[in-house]
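Assemble the complex: chain A is given as a structure, and chains B and C must be docked to it using the hints.
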Amino acid sequence: MHIVYPAVVSALLFSIGVYGVLARRNTILVLMSVELMLNAVNINLVAFDMWLADVLHSGQVLTLFIIVIAAAEVGLGLAIVLALFRNRQSVDLDRLRALAEPADPATTADGDNGAGGDNGARADDHQPAGLDTVTSPQLTARGNGASDQGDGVGRPGHPARRGGNA
Amino acid sequence: MTEAAPFLPPTTQEVVFLLLGAVAVGSALLVVTTKQLVHAALWLVLCFGALAGGYLVLTAEFVAWVQVLIYVGAVVVLLLFGIMLTRAPIGRSADLDSGNRVVAAVVALATAAVLVTVVIDGFRTAYAPLKPGEGAAGELGASVFSTWVLPFEALSVLLLAALIGAIVLSRTDIRGAPPSAGEAGGDPAPAEGPGGP
Amino acid sequence: MSTTSSPFPLLIVALPFLAAFAGLLLSRWPRTRRPQPGAAEAKGQEAGHQHRGGNRRAAWIAVLPTAVSAALALWLAAAQGFAFFAERAVDPVGADYGEIVTGTVPITLTLQADALSGVLGVLVTLVALAVQVYSVGYLHDDRRYPSYSAFISLFTSAMLLVVYSGDLLVLYVGWEVMGLCSYLLIGHWWEDRSNSRAAVKAFLVTRLGDVGFLFGIFVLGISADSFRIADVLAKVPEMSTATLVTATMLLLAGVAGKSAQVPLHTWLPDAMAGPTPISALIHAATMVAAGIFIVARLFPAFLGARPTLDVLAVMAALGMLGAALAALAQDDLKRVLAYSTISQLSYMAGGLAAGSDHAAIFHLLTHGAFKALLFLCAGAVIHHVGSNLMSQMGGLRRELPVTFAATTIGFAALMGLPPASGFFSKDSLLLAMDGAVSGAALTDAAALLLYASALATVVVTGAYSARAWLRTFFGPGRTIALPEPQPGTAHVVDTREAPPTMLIPIVLLAVPALLLGFAGGLHLDVGVATISVVLALLGSGVVYAFWRGDPVADPARILGPFRVPCERAFYVDSVYAALFVRPILALSRLVVSTDDRVVDGAVRGSGRTARGLSGVLRLAQNGNVQLYVSGVLAGVLLIVVGAVMFA
Numbered sequence: 001m002h003i004v005y006p007a008v009v010s011a012l013l014f015s016i017g018v019y020g021v022l023a024r025r026n027t028i029l030v031l032m033s034v035e036l037m038l039n040a041v042n043i044n045l046v047a048f049d050m051w052l053a054d055v056l057h058s059g060q061v062l063t064l065f066i067i068v069i070a071a072a073e074v075g076l077g078l079a080i081v082l083a084l085f086r087n088r089q090s091v092d093l094d095r096l097r098a099l100a101e102p103a104d105p106a107t108t109a110d111g112d113n114g115a116g117g118d119n120g121a122r123a124d125d126h127q128p129a130g131l132d133t134v135t136s137p138q139l140t141a142r143g144n145g146a147s148d149q150g151d152g153v154g155r156p157g158h159p160a161r162r163g164g165n166a
Numbered sequence: 001m002t003e004a005a006p007f008l009p010p011t012t013q014e015v016v017f018l019l020l021g022a023v024a025v026g027s028a029l030l031v032v033t034t035k036q037l038v039h040a041a042l043w044l045v046l047c048f049g050a051l052a053g054g055y056l057v058l059t060a061e062f063v064a065w066v067q068v069l070i071y072v073g074a075v076v077v078l079l080l081f082g083i084m085l086t087r088a089p090i091g092r093s094a095d096l097d098s099g100n101r102v103v104a105a106v107v108a109l110a111t112a113a114v115l116v117t118v119v120i121d122g123f124r125t126a127y128a129p130l131k132p133g134e135g136a137a138g139e140l141g142a143s144v145f146s147t148w149v150l151p152f153e154a155l156s157v158l159l160l161a162a163l164i165g166a167i168v169l170s171r172t173d174i175r176g177a178p179p180s181a182g183e184a185g186g187d188p189a190p191a192e193g194p195g196g197p
Numbered sequence: 001m002s003t004t005s006s007p008f009p010l011l012i013v014a015l016p017f018l019a020a021f022a023g024l025l026l027s028r029w030p031r032t033r034r035p036q037p038g039a040a041e042a043k044g045q046e047a048g049h050q051h052r053g054g055n056r057r058a059a060w061i062a063v064l065p066t067a068v069s070a071a072l073a074l075w076l077a078a079a080q081g082f083a084f085f086a087e088r089a090v091d092p093v094g095a096d097y098g099e100i101v102t103g104t105v106p107i108t109l110t111l112q113a114d115a116l117s118g119v120l121g122v123l124v125t126l127v128a129l130a131v132q133v134y135s136v137g138y139l140h141d142d143r144r145y146p147s148y149s150a151f152i153s154l155f156t157s158a159m160l161l162v163v164y165s166g167d168l169l170v171l172y173v174g175w176e177v178m179g180l181c182s183y184l185l186i187g188h189w190w191e192d193r194s195n196s197r198a199a200v201k202a203f204l205v206t207r208l209g210d211v212g213f214l215f216g217i218f219v220l221g222i223s224a225d226s227f228r229i230a231d232v233l234a235k236v237p238e239m240s241t242a243t244l245v246t247a248t249m250l251l252l253a254g255v256a257g258k259s260a261q262v263p264l265h266t267w268l269p270d271a272m273a274g275p276t277p278i279s280a281l282i283h284a285a286t287m288v289a290a291g292i293f294i295v296a297r298l299f300p301a302f303l304g305a306r307p308t309l310d311v312l313a314v315m316a317a318l319g320m321l322g323a324a325l326a327a328l329a330q331d332d333l334k335r336v337l338a339y340s341t342i343s344q345l346s347y348m349a350g351g352l353a354a355g356s357d358h359a360a361i362f363h364l365l366t367h368g369a370f371k372a373l374l375f376l377c378a379g380a381v382i383h384h385v386g387s388n389l390m391s392q393m394g395g396l397r398r399e400l401p402v403t404f405a406a407t408t409i410g411f412a413a414l415m416g417l418p419p420a421s422g423f424f425s426k427d428s429l430l431l432a433m434d435g436a437v438s439g440a441a442l443t444d445a446a447a448l449l450l451y452a453s454a455l456a457t458v459v460v461t462g463a464y465s466a467r468a469w470l471r472t473f474f475g476p477g478r479t480i481a482l483p484e485p486q487p488g489t490a491h492v493v494d495t496r497e498a499p500p501t502m503l504i505p506i507v508l509l510a511v512p513a514l515l516l517g518f519a520g521g522l523h524l525d526v527g528v529a530t531i532s533v534v535l536a537l538l539g540s541g542v543v544y545a546f547w548r549g550d551p552v553a554d555p556a557r558i559l560g561p562f563r564v565p566c567e568r569a570f571y572v573d574s575v576y577a578a579l580f581v582r583p584i585l586a587l588s589r590l591v592v593s594t595d596d597r598v599v600d601g602a603v604r605g606s607g608r609t610a611r612g613l614s615g616v617l618r619l620a621q622n623g624n625v626q627l628y629v630s631g632v633l634a635g636v637l638l639i640v641v642g643a644v645m646f647a
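Chains as they are written, first to last, in the UniProt record's numbering: chain A, 1 to 166; chain B, 1 to 197; chain C, 1 to 647.
Looking at chain A on its own, in the form it has when it is part of the complex (with noise of 0.2 Å):
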C-alpha cells in the first residue's frame, strides 16, 4: 500500500474539517467538524504505524488515546454548549461576540465606568444593532455559575453593585 494515499485522504479530511471549523455557524456542527480534523489524524497513525511496522504499535495505541480524548471532547464540548445555550438562548458563534471592542469608543474611554456589573450583560449592551438580544436579566444572573462564571464574579471593579445589595 502506498502510504501517500492515506496521507492524501487524511489532509483533505483535515481541510474540510478546517472548513467546517471556521465557516459553520452552528456550535455543534463546529464540534463535528473538529471530530473530522481528528480522524484525519487518526488515519495518519495508523498509516504510518503500518509503513514504520512499529513492534510497539504506538501509532494505533495512540489513535485508541485519541478517540477516548476525542469521546471526552465532544462529551466537555456537548456541556459547554448546552450551557451556553441556556445564557445566549442561541449557539450561533457568531452572535457571541463579547470578545469585541464595543462600538463606542467613547463608552471604553471611562473604562470602569460602574457597567461591571455583569460581564455577560454588558457585552449584550454593545451587541451590533440588529442582532437579536432576548437576554434577559434573570437568566444572565442565573448564568453566572456557567460559561462566563470566571467573568462575572470574583472581579472587582463593581463594587457599586455589592454596596447595593449590602
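Just so you know, these hints were derived from the structure itself, not from any lab.
Since the model is a prediction, treat every value here as computed from it, not as a measurement.
Beta carbons are placed, not taken as given, at the ideal position from N, Cα and C, and that holds for glycine.
Don't take every hint at face value.
Unchecked claim - Label-pair restraints from in silico Cβ distances:
#	chain 1	residue 1	chain 2	residue 2	range
1	B	L42	C	V625	46 to 56 Å
2	A	P102	B	G165	24 to 34 Å
3	B	G165	C	A620	28 to 38 Å
Same frame as chain A, but now just chains B and C:
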C-alpha cells in the same frame, strides 16, 4: 519502511482504500456543507464508517471496531442529543454558514494545497506491504497493557475529570463560589465601605 | 570740550523716575478694600473718599519731584546764563556714570547739559509741572489717577533722559520709554474701544519710525566708533557723504514718527483721544518736539547730508500747509490743535532744513509754551462744556474769562502776532527760510517750495486760529444739558470757571507764551515780520468776515468743495488703510486661517487619520472567534510555506 513498487497498476487493497477514502471525503464535505443539522450528523456516521473500513484495509482491525463503537455509536449519538437539546431546527435552515465562509474556504483550500503538496512530495515513494493480523486485538492489548499502561491509566483519570466537568457544566443548580471575604476587604473603593446598612 | 562735573542732570532725570515708581507702588498703600459691587451704593461715598485720599497722595508724589526737577533744571540753565538765547557755546555740565562694554562700540552712561539741553530741560520740566498740577483738578475723581500721574512722571523722566543724555543709545532708551508712556496715556480711558485703538495706532506708527531711528544710530555710532554724541559730532567731518545721508535719512524716519511729520503724522490727531493734559504735555509741547530736538542735536551731521535736508524741506513744506488746511476744517477743538501742532512742527523742521537750528529750537520753546497753554485752555473749555466739538461751544468768553484771555494769548502766539512769543520765533524761522532761498544749503526748488508753503501756512494759520477762537468764545451760546459723559470725554462740572489747580497752570503758562519771544533777543527783520503779520491778519480777516456773515455757521465753508478733503486730512488715513492696513489684515487673516486649517488641520488630521486607520483595524476585531481562528491558521500556513520553501 520499504521503498519501491510502482504506482500503476494499483493493487486491490489500494483500490478499495481509495474508494473508501473517496466516500469518507465526500461525506465529510457533505457534513460541512449540508443545510440540515441532522443530516450533517448522519453524513458524519457515513464518514466515520468509511474510515473504519479504511482502517480495516490498513490491517488495523481493533482500531476499526473501536472507531465504529465509539464514534459511530457514542459520539454521533451525543451530537444528536446536543442538536436536540439546543432546539435546533430539524428541517432545512438557511443560516448554517456564517459570514466567514469565503475566508474559511480560502484558508481551507490553502491548507489542503499545502498539505497535499507536502505529503505527495515527501512520501511519493513510501510503500508499506500489508500484513494481516498486525492490528489485531491481542497484539494491541499486549502493547497497551505493557508499554502504554501508564498513559492508559492517566487517560482513565482524564475521562473521570471530563465526566465530572460535564456534569458540573450541565447542572444549573450548582452556583459559582461567592467572592471571597479577603477580596471584598481589599476592595479599592473606600466610599462604598463594606459596612452597609 | 571739557565737561564740568555736576550731579544735577542725574537728579533732574532720576527724581521723576523715582516719583513714577513711588506713585505706582505707594499711592494705594495700605491697600484699601474695594467695596463689593452690590454694596457700591452704600459705600459709594466712602469709596469716593478713599479714591480721593489715594489720588491726593498720588498728586503729591507726582507734583513735588517734578517741581524739584523744574527748580534744578532752571538753576542749571541759569548757571549757564541761558546760553542758548545768547547763541554762545558753553561747556557741558554733567557726569559720566560708567560704560557698558558691548564687545564692539561701548555705550557710555553720560548725562550732561549744554546750552541746548539746558533750556529744553527747563521747558520740559516746567510744562510737566504745569500739566501735573492741572491734572490734579482735571482728573480729580478718576479712579486711575495714580497710575496716570505716575506715567506722566515716567514720561517726564524719559524725556529728560533724551534731553540730557550724552550717548545716542541712552537717548534711545528714553526715546522708547516716551513712546511707551504715550501709548499708556493715550489709552488712559481704554474702556472706549476707539481710545485703545488710537493708542495702538500711535504706538505702531511711531515704532515704525523708531526702527529707522535705531538703525540711524547704529550707522552713526559704528562709523564714528562711539555712541557719545560729542564724539559722533566730532567725527562728522571725516565721514563720507553716503554714510551721513544714510544715517540721517534713517534718523529722519524716527523724527517723522515721533514728531508727526508728513508720512507718519496720522497718529497725532487720533492721539487726542487721551486726556487733554496729556495732549498738552506729550502731543504738543514735549514728546513731539523730541524729533526736532534730535535733529538739532545732531545738526552738524544733517548739514553734511544735503539730500536729507532737501527731503526734510519737502516733508516740512507739505506737512505745514496740509496740516494747517486740515486744522481749518476740523470740528473737534482738540483735533484743530493737533493738526496745528503738526503744522508748527513742520515749521520747525522747515527751519532746520533751512539751516537754522537756533530758530527751530527757539520756535520749539515758544511753541511748547503756547501750545501747552492752548491745550490746557482747551481742556478747561472741554471740562466746562463736556464736549470736544466746537459746534457745541460758543459764547464762552463771559463764562470763562480767564480761559478766554489765556486762549487769546495762545492763539495770538500761534498766529504770530506781536508781541506774543510766536511772533518772534516764527519771524526768525521765516527769515531763515528766506535766507535759504538765496543760500546754498538747499536746492532752489526745495527752498522755494518751503518758503512759499511757509507763507501760505501763515495765512491758513491765521484763518484756523481765528475760526477756533471765534467759534469757541463768541457767538451765541450753544451749551445744552448733556447726558452723563462717557469715559473718554471730560467730566461736566458746575463751576463757572475751572478749579484753581487748572487755572493756575494756565495763568502761569500764559506768561512765557506771551513774553518768551523777548528772550531770544530782538533781532527782527522788519520786512519779513511785516509780511507775516499782514498775511496772518489777512487769513483771520477773511474768516472774521465770513463769521460776521453768519455767526452760527462754520467759517470753514470758505474752503468750499475742499472742505471735506481737508476735514478728512486729505484721506491719508484712508490711503494708508487701503495700502497697508487692509493688506496686512488680509495677510494676517490668511495666516490665521492657514494656522487654523493647515497647521491645526494637519494635527487634527493626523489624529483623525490614526483613528480612521485604527477603525480599519478594528474591523478585524469584531469579536467573531472564527475570524480570529482563520487569521491564526492563515498565519500558520504562511509560516509552513515559508519553512518548506526556504528550509
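Note to self: Looking only at beta-carbon atoms, does the pair L42 of chain B, V625 of chain C fall within the given range of 46 to 56 Å?
What the structure shows: violated (27 Å)
| query | Regarding G165 of chain B and A620 of chain C, is the given constraint of 28 to 38 Å on their beta-carbon distance met? | reply | Check passed, 33 Å falls within 28 to 38 Å.
Consistency of beta-carbon spacing, G165 of chain B to P102 of chain A, with hint 24 to 34 Å: holds (32 Å)
The structure is inconsistent with hint 1 alone, although it conforms to all the rest.
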